[in-house]
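For chain A, the structure is supplied; the task is to place chain B on it using the hints.
Top to bottom, those sequences are chains A and B.
All residue numbers for the first sequence refer to this note's numbering, where the first residue is 58 and numbers rise by one.
All residue numbers for the second sequence refer to this note's numbering, where the first residue is 58 and numbers rise by one.
These aren't lab readings, by the way, just hints derived from the structure by calculation.
Hints are supplied without guarantee of correctness; some may be wrong.
[Stated by the list, open to error] So these bits of chain A aren't anywhere near chain B, every CB distance computed over 12 Å:
#, residue
1, 126
2, 376
3, 454
[Claimed, not checked] If you only want the chain A side, here are some residues facing chain B, beta carbon under 10 Å, derived:
#, residue
4, 105
5, 238
6, 240
7, 308
8, 409
9, 481
10, 505
Source: prediction; values computed, not measured.
Ideal Cβ placement from N, Cα and C applies to all residues, glycine included.
There are 2 protein chains.
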Amino acid sequence: MTQHFKKVNKEDLDYFSLKLGNQNVKLDKESLTEYASDETEDISISPEVVLFPQNTKQVSDIMAYCNENMIAVTPRGAGTGLSGGAIPLFGGVSLSLKKMDQILEIDTKNFQARTQPGVITEVLQNKVSELDLFYPVDPASRGSCFIGGNVAENSGGPRAVKYGVIKDYVLNLKVVLADGSIIETGANVLKNSTGYNLTQLMVGSEGTLGIVTEIVLKLIPLPKYDKLLLVPFYQPRQAAEAVNTILKSGLQPSALEFMDRDAIELALRYSDEKPFELDKEIQAHLIIELDGNKEEDLMEGIEQVFQLLEEYQTGEILFAETAAEKEKLWKIRRSIGEATKRHSVYKEEDTVVPRYKLPDLLSEVKRIGTIYGFKSVCYGHAGDGNLHINILKENMSDHRWNNELPIAIRELFTFVKNCGGTISGEHGIGLVQKQYLDIVFSEKELDLMRQIKKVFDSKGILNPGKIFD
Amino acid sequence: MTQHFKKVNKEDLDYFSLKLGNQNVKLDKESLTEYASDETEDISISPEVVLFPQNTKQVSDIMAYCNENMIAVTPRGAGTGLSGGAIPLFGGVSLSLKKMDQILEIDTKNFQARTQPGVITEVLQNKVSELDLFYPVDPASRGSCFIGGNVAENSGGPRAVKYGVIKDYVLNLKVVLADGSIIETGANVLKNSTGYNLTQLMVGSEGTLGIVTEIVLKLIPLPKYDKLLLVPFYQPRQAAEAVNTILKSGLQPSALEFMDRDAIELALRYSDEKPFELDKEIQAHLIIELDGNKEEDLMEGIEQVFQLLEEYQTGEILFAETAAEKEKLWKIRRSIGEATKRHSVYKEEDTVVPRYKLPDLLSEVKRIGTIYGFKSVCYGHAGDGNLHINILKENMSDHRWNNELPIAIRELFTFVKNCGGTISGEHGIGLVQKQYLDIVFSEKELDLMRQIKKVFDSKGILNPGKIFD
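Just chain A, with the same shape it has in the complex (with noise of 0.2 Å):
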């Protein structure tokens, strides 16, 4: 692969401080370390200079003087993402929406929400529901993360099972261009079939298709109540049983996580707070969560599950009933990922199979680490099909990490993809996962991707690298 990028000079620097102000242009060195990274793996890569444009026009000046001059730009949300999407491959701008952080208009009339990209999603939550209004995507970074990264990476997280990713909620775009164009990709409605659906396609593009600066969120109405449980089982395919056996049933759960007992040991062992003890027999967990209008409705909903699940061998569910309670539950699902992270080099994987398939994407799981010799924590929405897989380098030598791994995700994602599934549900292919896009892809549908990359981003300028080279 080579990029012909020209590198930032005096020139372009000034070029940026006179559209941007001083205080947005930044090239001091904790700076650099700081956008040379997300929270992919153990990568870093440094930009050349960090902006932090502060409005759509800014974004259009920056980017139509980067393509005239050839300087690579990578779009940088708040850096919680999991494919390496915001690592600047080569070097040249890392261009910041941390400034675009303005919540524009929440339209209580007709439901809907105008944000620029630097909105962190839990703020954007938690403002809606203030007017009884609900944004539910709810990635397990909510709490940091952007909504505009949110768009990038067409996130998830456990509420998709009920309500769907960003991909539903997002009803129209602002998004400059490569060349500093800025278009609109849809209109403010929850039906279209005007053209071509340029929004769908910008949600998931991961940066490489244009800078989005204005999004309109689909609000719904914020359910009253909510219910949880913790079901501990003895068997992981047992699980994933149950959560096969519960959506038969007709139930909607607003959340269905699966996580293994690796994953709950890590993220205990790394908590403040112990909301559980975990029984050296249990080998996995379900948290079930149950969201409406009428409590009664909901009690009855958990009859019904704790019905449903006798047909399983199960430790003791706990209930939780208080907000502390069920925030205590959360706070141990959110943090697996943060765990893995401080306990060891990984890699994470985020396979999405047909559900029903989940039990067996759990076992050939264990299968290729017991052959290749890696420990892996499985965890994610199990509702969707969607696992993450936490591969853990833990004692595993240099050499085989690097060159026996390659050949078993390998071998894990073309299991995947026989089932009728990919290799991401929510995190994007961005950097780490480009390698492995000929799985699922053919030669023909790359090529279409790549010829559309084109359309948008004739030179190549915009996070390069990314998807595909």
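Only chain B this time, still in chain A's reference frame:
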């Protein structure tokens, strides 16, 4: 616009017959007339030949041949389209998907159906409901339209207000491109962040990017009960406002349909059955449907609707409880389009706005009608802000109809755009709306779409002259 398509000659016909069999190559006058038009207004343009492939391979063979020989190909579902998408503007081949009418699999474990494009929507709905599953996308033409056509137009229908449109159910597509190559757009999964979303790019692309030959659809559990209300209003504006009141209450109706007096009058006039009397003071109706798994909850919901409606001036509310009563009301609603057609030459617009703007849109339609001298029948999916406007020719002179009406429509669409809306919610742009596309898209946005078209169909043989020139 100049297009240089080759006319279909003897040699071409021999090739088609060789690949498809004689019985699947039709040249008789009756066939050519049948395939010259769809349900769009009174437009008729004859193809040179109608082909009936029976599998993906045959579609691929035909496309490769037509691409090489520069023969225009217009794919066709059931011909129920309302924007002229299936009209063979440049003659050539009308490619009917009628004989690809198999439901290939209903996967009750993963809640998915895999079908060919020629399956009638209602056939699929009935088939999956026998298995307690639900495919909720429900266009008025569901008794005759094809799933493939629904994909092409991103069809919706009354239940979209709760359940979304077909784009929310399409997980994966098998597609034959213009050059005959066969691709899959995604995977059979509920979440996908793997490369660009070709699936959603294909949905709603009106047969201009490829020919869909296999569709994987998400299914959901079948709700056990539904209840239906027909609510007459003395003022259309109040009906539109009541929609917002109901949705703000947190109720999630499975349909919220608006019909103005003229719509109901027409439907009743051409209907065999009159399930209700139309009081002479009544100016509009809402159909309100609630569905769910617990009958008592639905009854409570119905009571809540009655309470919410107390602030409006309504006539006597009709509560349909039996399947037969409900079906009678739905039949009236579904027959409006057909009744309009029988009544007068007309144009059907498919405007969509943020739903709170619906009362304003209604007023604007009538205001413009007064100025330009046309009567209109307004109805549609009020819960989504999707208003169908049938403009009746009646006694309007041909001159005004042909010369002034486009100006009136332009005025209307500009109003829609300024509301944050767009010009098609579920019918597509096709042939008849493309002249207005510049109202909602900038030249840059249109150019992106044209270039995407080129990526998929470099010679422009696939459904030429649709969406844009």
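Against the structure, the hints come out as follows:
For residue 126 of chain A, the condition that its CB be more than 12 Å from all CB atoms of chain B holds, with the nearest at approximately 21 Å. The beta carbon of residue 376 of chain A is kept farther than 12 Å from every beta carbon of chain B, the shortest such distance being approximately 22 Å. Listed as a non-interface residue, residue 454 of chain A keeps its Cβ farther than 12 Å from every Cβ of chain B; the least gap is roughly 30 Å. The closest approach between the C-beta of residue 105 of chain A and any C-beta of chain B is roughly 28 Å, which is over the 10 Å cut-off, so the hint fails.
Because the closest C-beta pair between residue 238 of chain A and chain B is about 5 Å apart, less than 10 Å, the hint holds. For residue 240 of chain A, the interface hint holds, the least distance from its beta-carbon to any beta-carbon of chain B being 5 Å, beneath 10 Å. Checking residue 308 of chain A against chain B by beta carbon gives a least distance of about 8 Å; that is within 10 Å, so the hint holds. Interface restraint check: residue 409 of chain A against chain B, minimum CB-CB distance 5 Å, threshold 10 Å, status holds.
The interface hint given for residue 481 of chain A is met, as the beta carbon of that residue sits about 4 Å from the closest beta carbon of chain B, less than 10 Å. Checking residue 505 of chain A against chain B: minimum C-beta separation of about 6 Å stays under 10 Å; hint holds.
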